[in-house]
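> Using the sequences provided together with the hints, build the complete structure.
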Amino acid sequence: MDKPALPCFFPVNINSHCNYIRQVQLKPNISIHLLTAILLYQRERKEKNNLRKTEAMISTLQKTIRPMSTVRGLHKSAVEVFNYPAHEDTVTASFGRFISEVKPQHLSPVVLHRSKRMVLDSVGVGLIGSTTDVFELALQHCQNMYAPDDISSVYGRKGTRLSPTLAAFVNGVATHSMDFDDTWHPATHPSGAVLPAVLALSDMMPANSKPSGLDFLLAFNVGIEIQGRLMRFSNEAHNIPKRFHPPTVVGTMGSAAACAHLLSLDHSRSSHALAIAASLSGAPMANAATQSKPLHIGNASRLGLEAALLASRGLEASPLVLDAVPGVAGFNAFYEDYVPQPLGSPDDNGHMFLLEEQDMGFKRFPAHLGMHWVADAAASVHKLLVGGDHGTVSPAEVQEILLRVPQSKYINRPFPESEHQARHSFQFNACSALLDGEVTVQSFTPAAMMRPDLLALLGRVHVEHPHDNPANFNRMYAEVQVTLVGGDILRGRCDTFYGHWRNPLTNESLRKKFRNNAGAVLPSERVERLIEVLEELDRLGDCTHLLSQLQ
Amino acid sequence: MLRKSLCGGLFFSLGLTGPVSPFQGITESFGAAIHALSTTQLTDGVINRSKRMMLDTLGVGLLGTRTAVFNKALKYSQSFQSEERSSVWGKSEISLPPNYAAFVNGIAVHSMDFDDTWHPATHPSGAVLPALLALAEALPSQRSGLELLLAFNIGIEVQGRLMRFSREAYNIPERFHPPSVVGVMGSAAASAKLLGLSPAQCIHALAIAASSAGAPLANAATQTKPLHIGNAARRGLEAAQLAQMGLEGNPAILDMDCGFGVYYKDYSPSAMADPGAGGFKWILEDQDIAFKRIPAHLGMHWVVDAALAAREKFENTAGNFDLSQIRQVTLRVPPSKYIDCPLPATEHQARHSFQFNACSALLDDKVTVASFSEAQISRPALRELLSKVRVETPRDNQPSFDKMYCEVEIETDQGQNYAARCDTFYGHWRKPLSHKDLVEKFTVNASSVLCSEGVEGVIDVIGNIERERECSSLGSYLRMTSAQHKQLYSARIM
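Those protein sequences? They're chains A and Z, same order as listed.
Sequential numbering of the first sequence, starting at 1, is according to this note's numbering.
Sequential numbering of the second sequence, starting at 552, is according to this note's numbering.
Everything labelled a hint here was simulated from the structure, so no lab data went into it.
It is possible that part of the hints are untrue.
[As the list claims (entries may be wrong)] Mimicking DSSO-like on lysine-lysine, the simulated pairs with C-alpha atoms at most 30 Å apart in a straight line are:
1. Z:K816 x A:K242
2. A:K158 x A:K512
3. A:K242 x Z:K888
[Said to hold, decoys possible] According to the in silico footprint, chain A covers these stretches of chain Z (three or more CB under 8 Å from chain A):
4. 754-767
5. 790-797
6. 884-895
Cβ coordinates follow ideal geometry from the N, Cα and C atoms, glycine included.
Take a look at the structure:
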């Protein structure tokens, strides 16, 4: 601990009150977002004509915003007497300040471009995910437990809407249902926790004050940036995880940050949103490769939104949640080697979005990222075996298959029994690629999984973990060595698969993936329209065009 | 029992765990026990103790419906709609979807940190009872009082078993707030039982619940701490409902370090005895519960009792208690960062401050619900006394509710010393509250919200719960607010 010892607790109420009062230069349209969102949220939804009434109330509120600000302004000089520098210096406060202060002009062209690719991919993956069993279960749960609350749209289900947090939940489940969503470095799936929450919240805002496409993208980027910053507080987090599933740890925080920003919460409430979210974070890795793993992303999205909404009501949590306070664990409860760093102000020239320097990995087929190396290595052996033809490999030719992959228990599954296990099995993905030359959405259907040829190949797999092959998405490789019955040995190796951040998918490939995914659920005109809307996202006056295309 | 600690396949280790299932893992043993335990296995001792817990939890919860944190959560939860509606305690006109009723009632129970504490340390009832009462109201068919009691005890038992999987858990926590870890599992187990789930579904309920567990301790002493109990109740109930729908998690979740073991540094699980085989014994039988007399962290009870005794010595010797004579107050308490708070600014911080509770006791000769109001916290006399407090953490004073003590020593300007020590406060499991005092605590708490008919109705129903044909009677009494009472009364006269 080289930081000065911090007092145990700060006078939260007074301090947050001061911060709130200092926040007098709220942009009028943004404060209206906050008020209207909360108003909408509180309204009785049984009577449909209430909507009109609410909107009338909102326009009244719009008129009262300015006088309210002026009144607060009068108190400004009085409250400046209070000064709590220690609180201002905390890591937690620096995050709150960033979330509250960052503006669209802070997004560079590279960040804009990359984040639009993420949104496109995440929507496509979510749309195809809306066809899965686990999505169906989650949706039924929400529909059975709660009466219709037609606020926020559900991916790919025409006419189906849910209350905002539940829509964030089911759309998050859809996004991760096939493990088809993006992966960042250090390892987490960043978009699925943020996008459904930001969409659900935008749906909740009244028609006349939807966020612009750029505001929407900014909120999304805030959610991504916060996740990236938090992942860098631990060296352990750079490796493939062993204890907590990262999206349940940083994803909830990212969703809370994005929603806090979209709700225009002030510094203090933004950091309370993060602190509330920290109490809703963390799920064990053991539920990977089960139906509960997609729930992790759904819950991250839902609970982060919930944390921001609770913070907007004034609920408070620890102002030191991100700081490492000995003896009282905050966010460091989830890590063994936690070293937090304050987040610079977005106005400092030094601030750069992490997405600027660290691009995203996009998956080509629906499985754990690690599978992409082994599938590409096996596909090259397949090519050697069948030559240029589109033939298949006969298991009768194969005596032994050796995989040299990193050691990571939860993706080492010799005989997967469910599609969720198959998406987390080096062996399954190597054998599928060896047999078929590629791994696709269809590879994980029960029929494909039960093929005798595939099962025969699985029985011949051995796995080695070379010392120079760490369980780290930035440094790992995969080698597939096939010994034929005749004694010939064929080798394939993949250091960087196509789709990895070092070898990014072209826009054309990304659109192709999107067309396949979205086309599974939506008519093709709508798919093309979505591609156009997402391309134009940062120039859209409001994001209604996006919201209306998702079902 | 072979322990499965790998994160790989889901195949169970071979183990010899009795004739019923030769392939039983730890998680499987829990699923089997939750399913198989029956009301005939409830002993008199367990029935008696668990009824005391229920009564105390309801009283504390009713009082908690008057807190700010409860009302924020209630407003939030009212935005959700459901065909099925469950009661909000102490509100005659509001009902919520079962999950959100469990959420807000759980928050009410822990809103003042006034609810029960077990050993190893957790608040067991608040995560379970709100989930069960919310669920019972929403079920199409009525559950009996005895079924409710059984499900409640299963929720408590599962928490007790899980707490014993780690040595670390015996001490006052430093990383995760225990109710957020074991509470959600208890709520899932209890809800699974009341729903009548199969052994496999019970296992998945626990697995799903494990993904909703764990909140860091830093949010203690804030409004978010009560949310931990509310979320444990809500998300445990949700896990059981999802399992009922067929959703699956890892069926070896309790067996693995990367399963439920992620919440501990020294996780060592063991299987639950087969209730059918006769070797089953409730933990509550051997380990009674502590009930609080003041709405504050359990550790505060030692320091308050010691401070009151030291104050009495001072008063007896000096003839009166003159604050101005005090030069220094020394507290000798166990080391625990999150309850060492020299200058609390909010009620939630005050409930987690050795210093505040010792000083309140010295100043007022008592600590009560009212001691934690803003006006009381900011009194200049209290602030002055706080500035004279010094905290020591002697080596022999361990941060465990089973072993800790508190000493309070007052030093005067004249050089006199008055010291007192508390090893076991009244209300601790070694020195349980009398039934009369427990009912008295309930009555005072519940009367803040309910009319006397409601208060007496709850006491009566809990007193006879094992003979109640329908547990829903409890819900109707819990809604009998003072105002509602008048309405009912006039309606009956007409």
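> Against this structure, judge whether each hint is valid.
Quick rundown of the hints versus the structure:
1. With a C-alpha separation of about 13 Å, the suggested pairing of K816 (chain Z) with K242 (chain A) holds against the 30 Å cut-off.
2. The suggested pairing of K158 (chain A) with K512 (chain A) holds, with an alpha-carbon distance near 23 Å, which does not exceed 30 Å.
3. The hinted pair formed by K242 (chain A) and K888 (chain Z) meets the criterion: a straight-line CA distance of about 28 Å does not exceed 30 Å.
4. Against chain A, the stretch 754-767 of chain Z contributes 9 residues with a C-beta closer than 8 Å to a partner C-beta. That satisfies the three-residue criterion, and the hint holds.
5. Only residues whose beta carbon comes within less than 8 Å of a beta carbon in chain A count, and the stretch 790-797 of chain Z has 4; three or more means the coverage holds.
6. Figure legend: the stretch 884-895 of chain Z, annotated as covered by chain A; annotation consistent (9 residues with Cβ-Cβ distances under 8 Å, at least 3 required).
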